[in-house]
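J.: Each protein sequence line maps, in turn, to chains A and B. Quick note on numbering: the numbering used here labels position 76 of the first sequence as 76, and the sequence is numbered without any gaps. Heads up: take any position in the second sequence, counting from 1, add 86, and you land on the numbering used here.
Hints were generated in silico from the structure; no laboratory data involved. Positions of the beta carbon are idealized from the N, C-alpha and C atoms, including for glycine. Mixed in with the good hints there might be a few duds.
[Said to hold, decoys possible] Here chain B is said to cover these stretches of chain A; the calculated rule only asks that three of the stretch's residues, wherever they fall, bring their Cβ under 8 angstroms from a Cβ of chain B:
#	stretch
1	4 to 16
2	25 to 33
3	41 to 51
4	54 to 64
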Amino acid sequence: MCTYATEHVPATGSGKGANGWFRLSEVSVYFDHPAHALADHTLNLDFINPAQGPAARVAVELTAQTARELAKAIEAALASAPPGLA
Amino acid sequence: MNEALTAETVMIKGHGDAEIEAYLARPDGVDSFGGVVVIHHLPGYDSSTKEIARRFAAHGYAALMPNLYYHDSPGVSPDDAAAAARAKGGVPDDQVVGDVGGAAEHLRGLPGCNGKIGVIGYCSGGRQSFLAACSLTFDAAVDCYGGAVVHVPEGAPASMKPLIGLSQNLSCPLLGLFGGDDQFPTPAETAELSRTLDSFNKAHEFHTFNGAGHAFFSVDRASYRVEAAVEGWDKIWAFFGEHLSGKA
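Could you build the full structure based on these sequences and the hints that come with them?
T.: Here is the structure:
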């Protein structure tokens, strides 16, 4: 693939980028060529805050299998939290 | 040819006369040369595409790669700038044309340039190479697996339009280098583009490499396919040699 198809998720939280911690405002999610991972395609996550500039970004590139396992693990972790917390 | 070269970052006039960053590589010890505008792929103005610019210089061409993301992300690392551009839905086509046109003018003004200018792009830059060759005057153009020329993929931003309707405006011979396993563009799409160019008597030469998919020229990616890349480079040298040679 080489498209701009991207899911945008409004975000509340923080990320630690090259210049330290910053507040997140958005997560971009897309399946496309990676910049660094050794795979043809990866599930790419950009945790960003555009108001702070393009460098306010935590980037992750995951194989499809890893991304699916991570999605399950996130759901499982949330489900295991005590009632009312998550 | 001794393959000596000089490479540096320069500032050029891009779209709307805005100053943008560009990477210039030019041959040393050569009194006359053609120019090549190199359009980077979606991951941006990165080291691997700068290496491609230096490769052109080692082969006797002045190569200039404008940073298409500089307008919105000056001084930012290429991958962060690319992510920001992607989050905004990419760079507008008219801005690309302005930046590529500025790069071509900069090349024409270099002492020793013979006035013959080509354009080449990879991935999204392949699409943009076709766009530039249909919007500006070039002497040769190369489209390396540019998607969204014939059909725009589902999910692409509304601003991204197919370019096949511009075919009758193609200003120069076109070399197309594609992967037989690529889905963006598919072999069916490139065949459709070829038929359309035939209908307008536009000179073009398309090669589709079996066993290669998208981005087969990218030496630092899993998509690299050595046989297609080596043969593809030979096609490029022959094509630019035919159309960009001559004394200043």
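J.: A separate judgement is required for each hint: does it hold in the structure or not?
T.: Hints, one by one, checked against the model:
For the stretch 4 to 16 of chain A, the proposed coverage by chain B is satisfied: 4 residues have a C-beta within less than 8 angstroms of a C-beta in that chain, meeting the threshold of three. Check on the stretch 25 to 33 of chain A: 5 of its residues sit with their Cβ under 8 angstroms from a Cβ of chain B, so the three-residue criterion for coverage holds. Only when three residues or more bring their CB closer than 8 angstroms to a CB of chain B does the claim for the stretch 41 to 51 of chain A stand; here the count is 3, and the claim holds. With a threshold of 8 angstroms between beta carbons, the proposed coverage of the stretch 54 to 64 of chain A by chain B holds, since 4 of its residues qualify and at least three are required.
No hint from the list above goes unmet by this structure.
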